[in-house]
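Novice: So the chains spell out like this:
4 protein chains.
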Amino acid sequence: MCAKYVILDCDGGSDDAWALLLLLHAERNGMVKLLAVTTTGGGNTTREHCARNMRRILKAYAREDVPIYLGAVEPLLGSNDDEKKYFHGQDGFGDCLDASDCEKVEDFVQPLHAVSAIYELCRKRPKQITLFAIGPLTNLAVGFTMYGEEFGAHIKELCIMGGNYQGVGNSSRAAEFNFHSDPEAAHAVLAKAKRCPITILPWEPCTDKHFNVPISWRLEDFGARAAAAGHAAITMLNKVESVQWLPMRFPNWNPCDAILVAAWLFEPQMVKKHSTWNATVDLRGTHTRGQMVLDHLREIEKYPENVRILEEIDNECFKRVVEWIAGLRKEV
Amino acid sequence: MCAKYVILDCDGGSDDAWALLLLLHAERNGMVKLLAVTTTGGGNTTREHCARNMRRILKAYAREDVPIYLGAVEPLLGSNDDEKKYFHGQDGFGDCLDASDCEKVEDFVQPLHAVSAIYELCRKRPKQITLFAIGPLTNLAVGFTMYGEEFGAHIKELCIMGGNYQGVGNSSRAAEFNFHSDPEAAHAVLAKAKRCPITILPWEPCTDKHFNVPISWRLEDFGARAAAAGHAAITMLNKVESVQWLPMRFPNWNPCDAILVAAWLFEPQMVKKHSTWNATVDLRGTHTRGQMVLDHLREIEKYPENVRILEEIDNECFKRVVEWIAGLRKEV
Amino acid sequence: MCAKYVILDCDGGSDDAWALLLLLHAERNGMVKLLAVTTTGGGNTTREHCARNMRRILKAYAREDVPIYLGAVEPLLGSNDDEKKYFHGQDGFGDCLDASDCEKVEDFVQPLHAVSAIYELCRKRPKQITLFAIGPLTNLAVGFTMYGEEFGAHIKELCIMGGNYQGVGNSSRAAEFNFHSDPEAAHAVLAKAKRCPITILPWEPCTDKHFNVPISWRLEDFGARAAAAGHAAITMLNKVESVQWLPMRFPNWNPCDAILVAAWLFEPQMVKKHSTWNATVDLRGTHTRGQMVLDHLREIEKYPENVRILEEIDNECFKRVVEWIAGLRKEV
Amino acid sequence: MCAKYVILDCDGGSDDAWALLLLLHAERNGMVKLLAVTTTGGGNTTREHCARNMRRILKAYAREDVPIYLGAVEPLLGSNDDEKKYFHGQDGFGDCLDASDCEKVEDFVQPLHAVSAIYELCRKRPKQITLFAIGPLTNLAVGFTMYGEEFGAHIKELCIMGGNYQGVGNSSRAAEFNFHSDPEAAHAVLAKAKRCPITILPWEPCTDKHFNVPISWRLEDFGARAAAAGHAAITMLNKVESVQWLPMRFPNWNPCDAILVAAWLFEPQMVKKHSTWNATVDLRGTHTRGQMVLDHLREIEKYPENVRILEEIDNECFKRVVEWIAGLRKEV
Ligand SMILES: [Ca+2]
Ligand SMILES: [Ca+2]
Ligand SMILES: [Ca+2]
Ligand SMILES: [Ca+2]
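Protein chains in written order, with numbering that gives the first Met the number 0: chain E, 0 to 331; chain W, 0 to 331; chain G, 0 to 331; chain D, 0 to 331.
Quick caveat, the hints were computed from the structure, so don't treat them as lab data.
Accuracy of the hints is not assured; some may be wrong.
Identical copies go unnamed one by one, so any copy, or any two together, can satisfy a pair.
[As the list claims (entries may be wrong)] Result set (DSS-like, lysine-lysine): computed pairs, CA atoms no more than 27 Å apart in a straight line:
id, residue 1, residue 2
1, Lys3, Lys271
2, Lys208, Lys126
3, Lys103, Lys123
4, Lys272, Lys208
5, Lys193, Lys272
6, Lys272, Lys238
7, Lys271, Lys329
8, Lys271, Lys208
9, Lys123, Lys301
10, Lys301, Lys103
11, Lys208, Lys301
12, Lys58, Lys301
13, Lys318, Lys301
14, Lys272, Lys123
15, Lys329, Lys318
16, Lys126, Lys58
17, Lys318, Lys126
18, Lys123, Lys3
19, Lys318, Lys32
Put together the whole structure using the sequences plus the hints.
Specialist: This is the structure we're talking about:
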């Protein structure tokens, strides 16, 4: 089996951490080759906090060799902090870890900007790299603006966690957090990535109605077993996610970014339903700014299909993936 | 059993006709008292065509005594014919009936404007009249503007066919026909009807995914039986709906307006799922203009619940309702 | 000279009062015949306060015979009180007059709604009535929606105080008060009044940069002379306008509604510059909602000219008009 | 006198060429030091055509040493070619020059991207470089997104040709070409450049109403004199501007980009009126998308002044500037 190249473009929350852990474990098993972690501000936290959090995971996993690049500082139009819901704390990791555990950001990040790094890496391995975009799409939108269609032409496949397809919002009443954090970027990426296939995990399949991994299973059952097995990164995430999840009293654990990566690694088992659409992002709606909009009229000549949407995920399979990451099982 | 007062505010399509037929049959069975039919332009057809079509049904049912009032000529902002999809033909009835079968509109409609008629009728019987709004909501929006909150305070209950709740559009990619035909009116009614409960049948439960009454059952099986039983109005609608439906090759028959009235008359059997929400209508979205938007954040203090949404309908039950209208069965 | 028929559709501020006074004085001089005063809510004050204020003027002028009709309660979309700047006080007259000086509103207003009154009056005298619209355009927009193009076809001429043409706002940063109070209505009237010429006095020619009648001239010089001459209505307005203007420390007096009527009565002397345009009203702009927008590309085939804009007014002439109203001079 | 550092960020039209020529002549006179020419697509032409046109001027002026950097390929949201008015031809220079006169773009442009070049140059000489932005503001917006507020903090002064302040449009009915070509970029720059003063020459002072340099003076009188004097670059522009201007039958010559540079170099003589405002750019208006909007309410605490607007320019002085460039006069 030949390892697939991947880049992780993330915004540093605890589910971004799980996505990274999953890629690292997949790499250990010869399934992927992780070329870079790129960060973006304007989502869960600043690009520097994001870099620090990802560095913590890499360190706990003894993979400080993976290069981290700092990306966009802000969304295209600037941030509207007033409107935003912070779920992951100010630092993306629940503000519960000791800052002294981490080197200075400037000491471990690469000198190149994330946008340039993505562009250069993909140019060197055209159509060979899968890009996971699990934060606001600012870095990608900037890449398309700076380099045009060519930017997307070199990417093999774009896998996005973000948006919604039935109008269910978690950041505003009708918009999902990643898209709502930079609606113009989301719009631009869907419009400009004509030469690169896109798979999207939207918000709806991650909601309680569709995805049921009890938070008690995550924090008590599984969390205890992983800690007992001595998994340093998961032990750290036990703390982070307890701080984030327990006060909210949400019944289920849905680390969306990791669900996307799991769906990509184990599609036949993980994905129970998917469909293809022409999708765009509304920018001007009073309530629907940042909402993804599908072409329900199916006017395919005018609006060709540009995204594949994952509609239903097998949560039992996802539990097995998580146990696999923790070393608690050999196979998924 | 005490008959409930109803007014039918409609835009003259064939499903409006079915809604009227259902009310007439319910009246014959002592369930309701139909006080007026009011018409609106800017939806399926002009307010005059609408009046003519409803008059045809009333005549075929020997109920010329039911008064018809002409309502709004246009949507609040004027019509955008370019954007619209006409399903019911220019005249709302598939353009297939002989115009000579009908009196002149001015000879049979009431002199009062529909908006004034609704206002006066409801003032006389405060909180006793259920208003079915099965076209664009223009007449109601005008009433709220002219008379303020008082206009709604006299209405017992507002039952609306229109809008959507999962972003599925049939008039634009993200908007349903009735709301899209006058988005400002839909917005205004949801915002202003604070003293009058609202039930909405949106588009999604009427789509193939959720509602399956085969068009062949309608036009061949049931249509033949109703014609054989000598039902004049249904025989006329057999012709109208054949012209409308067959060229489209839609698999299912979903006369939305009639489904709403049936759900109201027979709620326990008809309605399998409903929920309450704060809902508004987006006016400014590029793609979501006219889309209904639910408050998925459930910020109830700021945005109190204002609508009840019918999410799932029993289509087998609806078939029984239709047979009941045709006199093919005694009970639903 | 043959008197011209006029209707005054107003929202009850002190400049509405001056517009009424000017029409009453013109009528006394055989220049016009005032058929009705119609009121609208959603502008300076409620429709009832508006009626009361206009009644005060009519009484002070001994013209209780002029019929007053109550119009729209609210703007088409409902009011956004948060966004509004009240200049004229809660009651439109600076909240400084004794409420006991006035009869009950229901005792002196006509039973018919203003929209119906305008429609009926203009139908009876087609193309003979000039309609002054000096508040939000809600009544007219409702008329066009209820009756279609025919509503405008009977009006001889529509004279509007409202809007702007260089982006200068007084209600929001880019919108004028009357248009901003019901942007949809302003948009609809400009779009639908195809069979009726429109003259607009926008905000810019009324600003200090273009119009200089010192408030001291108004309140001290002229006000004292009119009071000395025993003009009851102006004496009342001396009080009202002192309360409104002095705390603001605005240097100039610009009773916009009266300037419009004066420009119409004495156009050759009053109007120094005018131009014709295709104009519309922006509804969706973040900052430009309610702004009037001219077709500076002059794409006349697609967008025919629909308004005449008064760009510059002679303020010295206006002072003479005011003195003429007060009986301080025989001619303008 | 100490030369001031400048960078020219342009989109390659003939007025961009005049702006460059003016800077080159100023440099020859020891007034400025031109560090770089950066190009952007999405305005008059592609970034490559822009580079080629600027190279032609540099060559004609024997200044091939000035580095040219390619910038953004597209606007942030992608281009809407349908809506755009091309004044300068497909290639920005009237499509009238022989393509063979120019080297390959890749052979003379710098390897660095314009956004990085601007960032690096300004970081090296913090608060010493004046940046002229005379095309769509895409490069600057990308810089602010990638590097945050720091990007602007290093710039001494930003001089922009673009936008409007009285709603006069030349690209759409209410928007000016440069801002309309990338409204999001214009919005972002005005919002984010908090640590860098901005001077704007909007469209209105360049219109016939305010600026009168007859096209006949430019092409016949002055053009002939400059050609006779053997000025190679102007001789080339004689051809280019004849092709662009004459078919349009515009009466006046208004090379906006050069007017801005002239106003900066010779402010006391050139600028007859200026004012400071809080300004933003409307993004969502149906007609006002891309329009600049001033805070006419002057709510300075909430919206601090962020731009200086040049309202009136002395066109006689500009003619002297142009003659100075051509070597036809020693002083302005
Ligand atoms: Ca994330
Ligand atoms: Ca209907
Ligand atoms: Ca007024
Ligand atoms: Ca330019």
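Novice: Now look at each hint and say whether the structure bears it out.
Specialist: Hints, one by one, checked against the model:
1. Lys3 - Lys271: within (23 Å within a copy, 47 Å between copies)
2. Lys208 - Lys126: Neither: 36 Å inside a chain and 37 Å across chains, both beyond 27 Å.
3. Lys103 - Lys123: The answer is between: 24 Å across copies meets 27 Å, while 30 Å in one copy does not.
4. Lys272 - Lys208: both (15 Å within a copy, 14 Å between copies)
5. Lys193 - Lys272: within (24 Å within a copy, 40 Å between copies)
6. Lys272 - Lys238: neither (33 Å within a copy, 40 Å between copies)
7. Lys271 - Lys329: So lysine 271 and lysine 329 pass the 27 Å test inside one copy only (23 Å; across, 44 Å).
8. Lys271 - Lys208: Both. Shortest intra-copy (15 Å) and inter-copy (17 Å) distances satisfy the 27 Å Cα cut-off.
9. Lys123 - Lys301: For lysine 123 and lysine 301, neither the intra-copy (34 Å) nor the inter-copy (48 Å) Cα distance is at most 27 Å.
10. Lys301 - Lys103: Answer is neither: 50 Å inside a copy and 36 Å across each miss the 27 Å cutoff.
11. Lys208 - Lys301: Between copies only: 25 Å across, 34 Å inside.
12. Lys58 - Lys301: neither (49 Å within a copy, 45 Å between copies)
13. Lys318 - Lys301: Intra 41 Å, inter 38 Å, cutoff 27 Å: neither.
14. Lys272 - Lys123: Cα proximity of lysine 272 and lysine 123: none, with 34 Å in one copy and 54 Å across.
15. Lys329 - Lys318: So lysine 329 and lysine 318 pass the 27 Å test inside one copy only (13 Å; across, 54 Å).
16. Lys126 - Lys58: neither (30 Å within a copy, 40 Å between copies)
17. Lys318 - Lys126: neither (31 Å within a copy, 54 Å between copies)
18. Lys123 - Lys3: Within. Shortest intra-copy distance 15 Å satisfies the 27 Å Cα cut-off; inter-copy 41 Å does not.
19. Lys318 - Lys32: For lysine 318 and lysine 32, only the intra-copy Cα distance (23 Å) is at most 27 Å; the inter-copy one is 58 Å.
Hint violations for this structure: numbers 2, 6, 9, 10, 12, 13, 14, 16 and 17, all remaining hints satisfied.
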